[in-house]
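Fit chain B to the supplied structure of chain A, relying on the hints for placement.
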Amino acid sequence: MNSETFAQLVDAQYAPLYRFALSLARNAADAGDLVQQTFFIWATKGQGLRDAAKAKSWLFTTLYREFLRGRRRDARSSSLDELAVASPELLADEVDRVSRLDGAAVVAALQAVDEAFRAPLTLFYLQDMSYQEIAETLDVPIGTVMSRLSRGKAQLRAALAQGQSAGGKVLPFPGAKTAGHS
Amino acid sequence: MNRDEAKFILTAYRPDGRDAGDPALAEPLRQSSVDPVLAAWFERSRAFDAAVADKLGAVAPPPGLRESILAGVRMSGSARKRRTRLARFVLAVAAAGAIWFGLDHASVSRSVSPPTAFAEFALDDLIHGHHGGTGEPTGDFQTRLAATSAPLPSEVGMDYGRLQTTGCRTLHFAGRELLEVCFARGGGEFHLYIAPRTGGPGYGSASAPVLVTEAAGAAAVWSDAHFDYAVVSQAGLAAVQRLFR
Numbered sequence: 001m002n003s004e005t006f007a008q009l010v011d012a013q014y015a016p017l018y019r020f021a022l023s024l025a026r027n028a029a030d031a032g033d034l035v036q037q038t039f040f041i042w043a044t045k046g047q048g049l050r051d052a053a054k055a056k057s058w059l060f061t062t063l064y065r066e067f068l069r070g071r072r073r074d075a076r077s078s079s080l081d082e083l084a085v086a087s088p089e090l091l092a093d094e095v096d097r098v099s100r101l102d103g104a105a106v107v108a109a110l111q112a113v114d115e116a117f118r119a120p121l122t123l124f125y126l127q128d129m130s131y132q133e134i135a136e137t138l139d140v141p142i143g144t145v146m147s148r149l150s151r152g153k154a155q156l157r158a159a160l161a162q163g164q165s166a167g168g169k170v171l172p173f174p175g176a177k178t179a180g181h182s
Numbered sequence: 001m002n003r004d005e006a007k008f009i010l011t012a013y014r015p016d017g018r019d020a021g022d023p024a025l026a027e028p029l030r031q032s033s034v035d036p037v038l039a040a041w042f043e044r045s046r047a048f049d050a051a052v053a054d055k056l057g058a059v060a061p062p063p064g065l066r067e068s069i070l071a072g073v074r075m076s077g078s079a080r081k082r083r084t085r086l087a088r089f090v091l092a093v094a095a096a097g098a099i100w101f102g103l104d105h106a107s108v109s110r111s112v113s114p115p116t117a118f119a120e121f122a123l124d125d126l127i128h129g130h131h132g133g134t135g136e137p138t139g140d141f142q143t144r145l146a147a148t149s150a151p152l153p154s155e156v157g158m159d160y161g162r163l164q165t166t167g168c169r170t171l172h173f174a175g176r177e178l179l180e181v182c183f184a185r186g187g188g189e190f191h192l193y194i195a196p197r198t199g200g201p202g203y204g205s206a207s208a209p210v211l212v213t214e215a216a217g218a219a220a221v222w223s224d225a226h227f228d229y230a231v232v233s234q235a236g237l238a239a240v241q242r243l244f245r
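Chains A and B supply the protein sequences, listed in that same order. Residues 1 to 182 in this note's numbering are what the first sequence spells out, letter by letter. Residues 1 to 245 in this note's numbering are what the second sequence spells out, letter by letter.
Just chain A, with the same shape it has in the complex (with noise of 0.2 Å):
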């Protein structure tokens, strides 16, 4: 891949990616780490891949898996995983509520949903990714996928109900990273 590509590849899928990481990692300075790491491995790994069409998969499978790599999980998100709730109800002044807060408060909402939640459900708030391609990107059963969708689904409803409660702002998760470099 030639640099003029390569650009066009970074053009095309840094901001996502940055939009994922930052749902993993919770602060700007790590996600902008995880993003330059999962290029510099593509660089490194990728660009023998023979199928230009699934660089996008890669790339973000790449950076979930350095986010995984990154630190140990924890008990807790992997037994969630196969529990099935009913989706509590959706109230309409839910959207309002959304479309009145700003980028920065629905990340932090996003923030605070399980870990084991969270990485799907940023994915299908992207949009580029199709419910079986999550599945393929994370590595997991599509009915693990769609389970995963609707309990991140009403976390994250409640992630922005209890932030609104708490003065109109999603607060930051608590324990948050502070950026490595200053």
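These are calculated hints, taken from the structure and not from any lab test. All values derive from a computational prediction rather than experimental measurement. The beta-carbon is built from N, C-alpha and C at its ideal position, and this holds for glycine as well. Please note that a few of the clues may not be correct.
[What the hints assert, rightly or not] Only pairs whose alpha carbons sit at most 20 Å apart, straight line, appear in this in silico SDA-like list of lysine to any residue:
| no. | chain 1 | residue 1 | chain 2 | residue 2 |
| --- | --- | --- | --- | --- |
| 1 | A | K56 | B | A60 |
| 2 | A | K54 | B | R18 |
| 3 | A | K45 | B | A215 |
| 4 | A | K45 | B | T213 |
| 5 | A | K45 | B | L70 |
| 6 | A | K54 | A | S3 |
| 7 | A | K45 | B | D124 |
[Said to hold, decoys possible] If you want a taste of the chain A side facing chain B, the calculated C-beta under 8 Å gives, among others:
| no. | residue |
| --- | --- |
| 8 | Y18 |
| 9 | G32 |
| 10 | D33 |
| 11 | V35 |
| 12 | L90 |
| 13 | A92 |
| 14 | E94 |
| 15 | G103 |
| 16 | V107 |
| 17 | L126 |
| 18 | Q127 |
| 19 | S130 |
| 20 | Y131 |
| 21 | V145 |
| 22 | S150 |
Below, chain B alone, put in the same frame as chain A:
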């Protein structure tokens, strides 16, 4: 398929309608067209999802991220061309390997020796960092590092506190704050990372530094009485070694 099952599946329906032709979603979509309660829920659900997607899509990456990605990969590509198959290779650890083994590794996140972890951190920053210190003391120190042809001394000789408070670039590694100063010598560009010692044995002496090479570049790590140092460069291992001769 009952209403709850239909809702469960339609949760995966993207709000922009791109999944309208998905055969797996056909049945719940058909059901929503004949079930007013389900239809009302689906409409609210799509509106909610569209609002969240809009907000998320409006989040802009930080300025400079695109340029950093392109520059970082360009630099790593240059490094790969200069060196063939430079897998991570610790060239000289003197007796350090035996010394470090069994020490408290709580300050590093991976099971590598502290000097190697420090070198890897510096090499990673070499590729990904936004380099450039500012301030007169930093400039003086850069000039001194660049001008001397003498081997890098065991006592680098600088006022850490002054550099720290006058705009020298600061980073964090394993919970420790450190400074970075860039300098040029002998046609090569070098980045020196300086971390105050926190107790325990040093990272080797200037006469026997720990040398590490990776695809990103070469590094030398050592310590004096007060600080741990890592100097890294893409000019090659020989250029780094020349700093100590």
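Do the hints match the structure? See the list:
1. A:K56 - B:A60: holds (19 Å)
2. A:K54 - B:R18: holds (19 Å)
3. A:K45 - B:A215: With a Cα-Cα distance of about 13 Å, the restraint between K45 (chain A) and A215 (chain B) holds, given a limit of 20 Å.
4. A:K45 - B:T213: holds (19 Å)
5. A:K45 - B:L70: holds (16 Å)
6. A:K54 - A:S3: Holds, at roughly 19 Å.
7. A:K45 - B:D124: holds (17 Å)
8. Y18: At about 4 Å, which falls below the 8 Å cut-off, the nearest Cβ of chain B leaves the hint on Y18 (chain A) intact, so it holds.
9. G32: holds (5 Å)
10. D33: holds (7 Å)
11. V35: holds (7 Å)
12. L90: holds (5 Å)
13. A92: Since chain B brings a Cβ to about 6 Å from A92 (chain A), closer than 8 Å, the hint holds.
14. E94: At 6 Å from the nearest chain B Cβ, E94 (chain A) passes the 8 Å test, so the hint holds.
15. G103: holds (4 Å)
16. V107: holds (6 Å)
17. L126: Hint holds; L126 (chain A) Cβ to chain B Cβ min 7 Å, cut 8 Å.
18. Q127: holds (5 Å)
19. S130: Holds: closest Cβ of chain B sits about 6 Å from S130 (chain A), inside 8 Å.
20. Y131: Since the shortest Cβ distance to chain B is 4 Å, the answer is holds.
21. V145: This hint holds: V145 (chain A) lies near chain B, its Cβ roughly 7 Å from the closest one there, short of 8 Å.
22. S150: Hint holds; S150 (chain A) Cβ to chain B Cβ min 5 Å, cut 8 Å.
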